[in-house]
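Q: Build the full structure now, drawing on both the sequences and the hints.
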Amino acid sequence: MLRYLKIYALLLRNSLIREMSFKANFLLWTVVEVLWFFGQVLFIDVLFSHIETLGDWTKWQVVALVGTHQVVAQIFQAFFYVNLTQIPELVRTGKLDVYLTLPVDSQFAVSSKQFGVDNLVNTGIGLAITAFSLSKLGVVPSVGRVALYFFSVLLGVTIHYSVMFSLSTLCFWIIRAQGLIYGYFNLFNIGRYPDSVFRGAFKWIFTWVIPVILVANVPTRILTGALEHPWLGIAPLALTSLLMLLFTRWLWLRGLARYASASS
Amino acid sequence: MMAVYRRVFGIGLQDTFVYRWNFVLRSLFSVIPLIGTFFVWRSVCEQGAGLSEYNLSAIVFYFVAVMVVDNLASPTEDEWRIAAEIREGQISALLTKPINHLAYRLSLFGAYRFLYSLVTLPVVGGILWILREHLQLPQSALTWPLFALSVLGSALLQFFIAYSLAMLAFWILEVSTLIFILYSFEYFLSGHVFPLDLLSPRLQAALQWTPFPYELFFPVQILLERLDPVALQRGFCMQFFWVCMMGCTARLLWMQGVRKYQAAGG
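So the sequence lines, in the order shown, correspond to chains A and B.
Counting in the numbering used here, the first sequence runs from 1 upward without gaps.
Counting in the numbering used here, the second sequence runs from 1001 upward without gaps.
Note that these hints are calculated values from the structure, not bench results.
Please note: incorrect hints may appear among the correct ones.
[As the list claims (entries may be wrong)] Residues from chain A shown here face chain B by an in silico Cβ test under 8 Å; the list is partial:
{"#": "1", "residue": "Asn25"}
{"#": "2", "residue": "Leu28"}
{"#": "3", "residue": "Phe198"}
We put the beta carbon where it would ideally sit given N, CA and C, even for glycine.
A: Listed below in structure tokens is the structure:
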């Protein structure tokens, strides 16, 4: 385990050096992110100029939700996104061989090569928005709640990772799988909305099978105090993210078995 | 001369045909946010006051129309590909050929959109069928040709904007951030996320002068028959103006760019 941490620290350092040689681009990505936030807030503003609550959420709770959604998504994108999008290409061109011969776990190797520093800056922006909406709500969460918030954010990152990893890994079976990458964005698009607007089978599937609805909603509810018992939210989140992570492992091993037979 | 571009269109069709499964996957996945949108607006409409301008059916019809116009008229990867061609020096080969690059790229764009719309027709048809009780065919027969014209204008406008952005690759190495900056404006201000007439009157009035509403919102409004003749005329004039403006910008940037262009190793 310690060895993996050391390898990871080295990889982070390399990425940081690489990113810093493109400073202007780095700043522009932050501009993109800020614009995106303004757009979202404009949308929320338009909605709430006509209504009082969305589901059982008030305006600033929804802003906190959007902020939290961004925090989770950006942490995931900082550490994993670019690496996972490259898996289909590695499989198609056979460059995956290099990763398989490394003396580390292959799933770790393909998941961890690059790291996006700008995404961490954007995580900060997301946190700032969330904190601002908390002040608008007049909520001061306890230290315990904040800790649970970050714990559930990490569980959310696991779900982001698992969904994207599964989509990318399907390339072992479908060679031209770039279309699947859009699936990631389409799936998590619904994660920005309050859970209480969804109903029926749709809600059930995206809570228990592919739990994208839980990802941002649970941490936000914990932070704003909208959940009486934080563990009521964390338990399903922890359970589903563990199951999804195990699923990626299974899928990866199945994919590798297929890869080996395809190239020989 | 037209024959050349017809041929390019044909090549574009063959070239994009390999992506057909991607198209189907993409349109299938896009159903998920559409359902999400449906739930959000249903929750909005269920509230006492709701929206004065739209009931649930009108809102559903609005977003279905957005999807249709988007399929028909929005460039998906054109700007990336054009920029990559410039960056990697592949346009050298094109420069030696007696063709107009803008017309060449426009033909490829046309082929791509045509094939995309065709391949995703079953998915779109399925969505239309499921939501049929919310949809309303236009009352006036005139709406169809007007809608077609406005979609054509929208496609040209969006293509010229994408092309102009890609041209910046002649001057700067990495255009993807700029593409995303413009994309965020387009996403929120062209009516993708919410109908623009829910904005405050002041913002709406200001937006009318920008190209964004004519990329999506204007054709959708025509299909929903929400425009009076005056607004219709005004809209077409503004759309035409922006198509010409962006068309000239695209052409001008290309000419300036080629002058600046140096192929590596050439």
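Q: Now, for every hint given, state plainly whether the structure supports it.
A: Results for each hint:
no.: 1; hint: Asn25; in the structure: holds, 5 Å
no.: 2; hint: Leu28; in the structure: holds, 4 Å
no.: 3; hint: Phe198; in the structure: holds, 5 Å
In the structure shown, no violation is registered for any of the earlier numbered hints.
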